[in-house]
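> Chains E and W supply the protein sequences, listed in that same order. Counting the first sequence from 1 gives a position; the numbering used here is that position plus 1. Counting the second sequence from 1 gives a position; the numbering used here is that position plus 70.
Among these hints, one or two may not hold up.
Okay, the calculated bits of chain W under chain E, using three or more residues with CB under 8 angstroms as the criterion [stated by the list, open to error]:
1) 79-85
2) 90-97
3) 110-116
4) 119-126
5) 157-170
If you want the footprint, here are the derived chain E segments under chain W, 3+ residues with CB under 8 angstroms [unchecked claim]:
6) 14-25
7) 47-58
8) 69-78
Just so you know, these hints were derived from the structure itself, not from any lab. Beta carbons: idealized from backbone N, C-alpha and C, even for Gly.
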Amino acid sequence: MKFLVTVGIALALLTLESVVVKQAGLVLGRIDVTVVLVAFLALRATLLEGAFSAFAVGYLLDLMSGQPTGLFTFLAVFTFLVGRLVSSFVDVRGALSFALFAMGADVGHGLLSAFFTWLTVKDGGTGQALAGLPLQVALTGAAAVVLFPLFRRFEAAQDRPAGLLR
Amino acid sequence: MLSLLKRYRRPLIVGALLLYPLLAFLLSGRKGRDPNPIDRAVIAVSSPVQQALTAGIEGSVSAVRHYLDLRGVRQENDALRLENLQLRATVQALGESRTENERLRKLLGYAEAAPGPEIPARVVGVNPVAKLLSVRISGGEKDGVFRGMSVVTPDGIVGQVIRATGGYSDVALVTDPQSRVAVRVQRSRARGTAAGAGSGPLKLENMLRTEDVEDGDLIITSGTDGIYPPGLVVGRVTNLEKKQHGMFQGADIVPAVDTSKLEEVLVVGSPYSAMAQGNAAEGAAK
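Next comes chain W alone, as it looks inside the complex (with noise of 0.2 angstroms):
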């Protein structure tokens, strides 16, 4: 028997190496493991190379883009000088609304809903496999970031934590193949789910054909899903077809957030929460 492992010691090793991952592929299939110490020491080794060479790379771009960008530079600052007053005043009457808001809430008996802590970060990386779209973080588990937390920008949605160690994590991003968020139209506030679909659209799944739907209408997130908080922005309708038949009618939504584009992020959404909602955050990804 000894002979036999002797003499075959070479291919059932590279066996070994062949099939061992295959089984854990098979046996785990695509929800992955949590990371183990290993995982953990190649992330700290490879991410703040990741991160310094966003950083080169980023500086020396944004450096030649502020010289070109002199040009014509107090024109913009007169027209945002405008803007900014108008905006002003929009949000002086927006804080006449949430006082109001808030009074009449309190007269109904409405609990305050704990927002959560919002920790910002910076993208420090791609995911190199066209596989599943995701972005590295420079937020981990010291900062508070767990998995299940949801990220976004201030002008929108841009997807979930699926892994965090030490100081990093990866982000599937809302246009992953994979990702599914609860939604509603901010206008008729019927409910649907945005579903990605790689590049491009996210595609607006399971909006009954009698909702009240229509180009151009805002979708926002409905919350219902355990993992995005209410009233965050997805992206706008585009592409509605009404069906004659069956029960659903379709579209497609334009992301708010072009996540190509990426740059600081916000990760939202209590960790605890988060973490107790570890397989619900991973159901919904499904």
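Chain E extracted, bound-state conformation (with noise of 0.2 angstroms):
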């Protein structure tokens, strides 16, 4: 996917879960939408582009959380090179083994995301977090499946060849 299509879509998911969280009054069970965005990302784009793209998502990740510290970020690129190296060993074509890779995905980036905030901030409710975890994943796992098929579709948009008429 290209770089800016990629902001894009992150920015409307971000924004999107941070009204449905609202309304659905979660308190730490979250999807993480942008692990699945870069999940993808890992699976189709090539190693610059999924970088900068990678970057992005958690940037904005970061800046949503209301403190951007820069964690986010890092995690994200950290993730997306992980999942490029983890893709060259896995088969995943399907909506089900993506939402698989996704939920792997996010376990990583979310016992990751405990271990730096409790370096940080020693009493800062980790414990929480990681009980929250496994529902955290679930939703994750789930929203894999339903935004699969759309990443595709945006894929596929972006990579139609040029015809003689175009």
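Using the hints, put the two chains back together into the complex; each one sits in its own frame.
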């Protein structure tokens, strides 16, 4: 996916999520839509394009958190790189396998996020964040199933070859 | 050297993209940074969309609710009329007490505390990161909202402004694990600290074991943290633990405001004092 489209999708998903979370009243269980997007980038994007896109997606998540520290920007790029490495060993084609892939990425992302948060805030509710991780991963997996066809459609729209009449 | 840079251009760029935010995080910690022009532009683009989505969803939900609520509205109306009468009588009595209080304060030579502005705002979205419990409200610098000001509802305190941009602000909730509020027990005036604990009740900390606290006591802000004005409702004491040893006793505080169902809020406090207290507010959030 092209960089600007990725940024647009990330912004739209995060905005939508913030509204959904407000309506649903979820306190700690969140859907990691950005991890789903980064997982898709890890499977499809080139190294530079994906790294820049993951950086932008992480920056947006950082910004939406209210206290941008750079943590989620780092984690997005790291998740992209690890996902890219893992994708060379596994075959991810359908929506279900993509959901499993995204859930794996979310587990890693969640654990690292909790670890780095614990590094800076010793009594910052790390235990609660970890306790909420299974629900978060399950919600992220469900979101991945829904978002996979959407991402594929966006990707197909951009990769359309230029014909004679275009 | 140039050929080496050219050869390893890709790994170097990716390495920079990976390490720059990590270094920024390790250097700034959890304090974050002030919004730069890019941050402001992104917030200016995303927040109106958030607001429109929230308004759309809430409008649909309330339309359905209004229809359902029409049933039994007559009985409720009668009950409310009665309650209104009682409340008017109470207000009248309180008015008398207030006049008396003002007269006595004047006699004692107390300085009148400037109440500062009360800026109404709507909650437009919730922070999608579970690490920090915060909400975005539709009031920003142009409305007189600045970092460090406190956010309340008529029921009690909600949180503290941690970032303000043009027309929007982010508010860290009192339930956030990093939140600390100086409080006192309304009945006995005993002082302590209300600490956020994520979801669920707040924790009552730093309350000396010898202090007079009971289950059900109302907890209010003491105003000694310089962020929240004194006398605002925080919640009620529950699960009191009177320990045999140690300096402090512990308890839970059920927040007066359900922060997961916020719609409208008031931003209070003087913007000038909030700006001056930027660092103090940050410290209190720790």
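> Could you check the structure against the hints above and give me the numbers of any it violates, in ascending order?
5
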